[in-house]
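Residue numbers (this note's numbering), protein chains in the order written: chain A, 11 to 127; chain B, 8 to 120.
Derived by calculation from the structure, the hints in this document are not laboratory data. Yeah, the Cβ is synthetic: ideal placement off N, Cα and C, and Gly gets one too. There may be inaccurate statements among the hints.
[Claimed, not checked] For lysine-lysine, the following DSS-like pairs were computed, each having C-alpha atoms within a straight-line distance of at most 27 Å: (1) B/Lys56 - B/Lys68; (2) A/Lys25 - A/Lys72; (3) B/Lys107 - A/Lys54; (4) B/Lys65 - B/Lys117; (5) A/Lys21 - A/Lys93; (6) B/Lys117 - B/Lys85; (7) A/Lys88 - A/Lys25; (8) A/Lys72 - A/Lys88; (9) A/Lys81 - B/Lys107; (10) B/Lys117 - A/Lys93; (11) B/Lys65 - B/Lys76; (12) B/Lys78 - A/Lys72; (13) B/Lys107 - B/Lys56; (14) A/Lys72 - A/Lys54; (15) A/Lys88 - B/Lys78; (16) A/Lys88 - B/Lys76; (17) B/Lys85 - B/Lys65; (18) A/Lys88 - B/Lys85; (19) B/Lys78 - B/Lys107; (20) B/Lys56 - A/Lys54; (21) B/Lys107 - B/Lys117; (22) A/Lys72 - A/Lys93; (23) B/Lys56 - B/Lys78.
[Said to hold, decoys possible] With the C-beta cut set under 8 Å, the calculated list includes, among others, these residues of chain B facing chain A: (24) Ser21; (25) Leu51; (26) Gln52; (27) Leu53; (28) Lys56; (29) Tyr57; (30) Arg84; (31) Trp90; (32) Thr93; (33) Leu101; (34) Phe110; (35) Gly111.
[To be verified] Listing some non-contacts, in silico: residues in chain B with all C-beta distances to chain A over 12 Å: (36) Val11; (37) Ile19; (38) Leu55; (39) Pro62.
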Amino acid sequence: EAGVAQSPRYKIIEKRQSVAFWCNPISGHATLYWYQQILGQGPKLLIQFQNNGVVDDSQLPKDRFSAERLKGVDSTLKIQPAKLEDSAVYLCASSFLGTSGTGNEQFFGPGTRLTVL
Amino acid sequence: AQSVSQHNHHVILSEAASLELGCNYSYGGTVNLFWYVQYPGQHLQLLLKYFSGDPLVKGIKGFEAEFIKSKFSFNLRKPSVQWSDTAEYFCAVLTSGTYKYIFGTGTRLKVLA
């Protein structure tokens with residue numbers, strides 16, 4: 011079974027530039043998550059999709075971050091314009107279900123390490 | 008606000024020592040509980056999970072965790088650690104109703120050979 015794919019793996023940009031990350035979840039997984047992980051901290055949920063609908067984006071800084079999940083499969087996360095404090099690892103994860111019970115464990119991609127100079 | 012606390016940020020043990028990593032959460036409703044592990048250079052992956060039934064859960068590589076509802080805790084244990092257990096360990100909670108995943112800040116474990 012193929013895992014969660016993410017690209018690029020590394021990205022270095024200057025502040026005020028824009029950047030986009032791509033995620034391809036495990037086939038058949040309805041729920042997709044984007045996390046921001048700052049060095050020394052745990053993953054912080056940015057946005058959660060159920061198929062192609064947004065379930066939770068309460069912690070997404072909507073003035074600069076946007077995300078979409080077209081056709082309920084791949085997803086992109088965009089930052090425009092980037093700030094220094096956006097330097098972090100951006101993780102994508104998917105799960106078969108997003109609700110309680112079996113099938114809600116998350117499978118993570120390798121992450122994209124973003125450095126904003 | 009809902010939160011997950013991991014009290015030990017860095018733990019250093021010798022091989023064969025016993026391990027217990029603390030995890031407490033603040034949420035009054037039904038939860039699913041997880042421990043994820045990130046080995047050096049690898050993805051985050053599931054170590055074990057509790058969602059109902061026996062509060063003592065066994066996971067991969069000899070790890071286990073016990074859900075104590077009255078203490079809002081889900082501590083991770085291993086009787087005898089190995090050098091290969093060197094990794095970062097994250098406790099996570101999935102809350103009922105909103106189905107929101109909340110991660111702790113992680114514990115970095117280093118096992119000395």
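Against the structure, the hints come out as follows:
Between B/Lys56 and B/Lys68 the alpha-carbon distance is near 14 Å, which keeps this suggested pair within the 27 Å criterion. Taken as a hint, the A/Lys25 and A/Lys72 pair is honoured in the structure, with Cα atoms around 17 Å apart against an allowance of 27 Å. This hinted pair checks out: B/Lys107 and A/Lys54 have alpha carbons roughly 11 Å apart, not beyond 27 Å. This hinted pair checks out: B/Lys65 and B/Lys117 have alpha carbons roughly 22 Å apart, not beyond 27 Å.
Restraint check: the Cα-Cα separation between A/Lys21 and A/Lys93 comes to about 14 Å, which is no more than 27 Å; the hinted pair holds. About 14 Å separates the Cα atoms of B/Lys117 and B/Lys85, which keeps this hinted pair within 27 Å; it holds. Simply put, A/Lys88 and A/Lys25 have alpha-carbon atoms about 14 Å apart, close enough for the 27 Å limit, and the pair holds. With a C-alpha separation of about 10 Å, the suggested pairing of A/Lys72 with A/Lys88 holds against the 27 Å cut-off.
Between A/Lys81 and B/Lys107, the direct Cα distance comes to roughly 23 Å. Compliance with the 27 Å bound is thereby established for this hinted pair. Of the pairs offered as hints, the one joining B/Lys117 and A/Lys93 is violated, with about 33 Å between alpha carbons and a cut-off of 27 Å exceeded. In summary, the hint linking B/Lys65 to B/Lys76 is supported, as the alpha carbons are separated by about 17 Å, within the 27 Å threshold. For a cut-off of 27 Å, the pair hint linking B/Lys78 to A/Lys72 is broken: about 36 Å separates their Cα positions.
For a cut-off of 27 Å, the pair hint linking B/Lys107 to B/Lys56 stands: about 16 Å separates their Cα positions. Proximity of A/Lys72 to A/Lys54 is assessed by CA-CA distance (about 15 Å); at most 27 Å being required, the pair is judged to hold. Restraint check for A/Lys88 and B/Lys78: the C-alpha separation of about 40 Å exceeds 27 Å, so the hint is violated. Only pairs whose Cα atoms come within 27 Å are accepted, and A/Lys88 paired with B/Lys76 is rejected, the gap being roughly 39 Å.
Taken as a hint, the B/Lys85 and B/Lys65 pair is honoured in the structure, with Cα atoms around 10 Å apart against an allowance of 27 Å. Of the pairs offered as hints, the one joining A/Lys88 and B/Lys85 is violated, with about 41 Å between alpha carbons and a cut-off of 27 Å exceeded. At most 27 Å may separate the alpha-carbon atoms for a hinted pair to count; B/Lys78 and B/Lys107 meet this at roughly 21 Å. Of the supplied pair hints, the one linking B/Lys56 and A/Lys54 holds, its CA atoms being roughly 19 Å apart against a limit of 27 Å.
Our distance criterion of 27 Å between C-alpha atoms is broken by B/Lys107 and B/Lys117, whose separation comes to about 30 Å. In summary, the hint linking A/Lys72 to A/Lys93 is supported, as the alpha carbons are separated by about 14 Å, within the 27 Å threshold. Between the alpha carbons of B/Lys56 and B/Lys78 the distance comes to roughly 18 Å, so the proposed pair stays at or under 27 Å and holds. At its closest, the beta carbon of B/Ser21 sits 25 Å from a beta carbon of chain A; the interface hint therefore is violated under the 8 Å criterion.
With 8 Å as the threshold, the beta carbon of B/Leu51 comes within range of chain A, its nearest partner Cβ sitting at about 4 Å, so the hint holds. A least Cβ separation of about 7 Å between B/Gln52 and chain A falls short of the 8 Å threshold, and the interface hint therefore holds. Proximity of B/Leu53 to chain A holds as hinted, the smallest CB-CB distance being about 5 Å (cut-off 8 Å). Proximity of B/Lys56 to chain A holds as hinted, the smallest CB-CB distance being about 6 Å (cut-off 8 Å).
Restraint check, B/Tyr57 versus chain A: the minimum CB separation of about 11 Å is more than 8 Å; hint violated. Among the interface hints, the one on B/Arg84 is violated; its C-beta lies about 20 Å from the nearest C-beta in chain A, farther than the 8 Å criterion. Against a cut-off of 8 Å between C-beta atoms, the interface hint on B/Trp90 is violated, since the closest Cβ of chain A lies about 24 Å away. Taken as an interface hint, B/Thr93 does not check out: its beta carbon lies about 17 Å from the nearest beta carbon of chain A, beyond 8 Å.
For the restraint placing B/Leu101 at the interface with chain A, the shortest Cβ-Cβ distance is roughly 6 Å, inside the 8 Å limit, so the hint holds. Taking 8 Å as the C-beta contact cut-off toward chain A, the hint placing B/Phe110 at the interface holds, the least distance being around 4 Å. Look at B/Gly111: its Cβ gets to within about 5 Å of chain A, closer than 8 Å, so that hint holds up. For B/Val11, the condition that its CB be more than 12 Å from all CB atoms of chain A is violated, with the nearest at approximately 8 Å.
The non-interface label for B/Ile19 is consistent with chain A: the shortest C-beta to C-beta separation is roughly 17 Å, beyond 12 Å. Listed as outside the interface, B/Leu55 is inconsistent with that label: its C-beta sits roughly 9 Å from the nearest C-beta of chain A, within the 12 Å cut-off. Here B/Pro62 stays apart from chain A, with its beta-carbon at least about 16 Å from theirs, past the 12 Å limit.
In summary, the numbered hints that this structure violates are 10, 12, 15, 16, 18, 21, 24, 29, 30, 31, 32, 36, 38.
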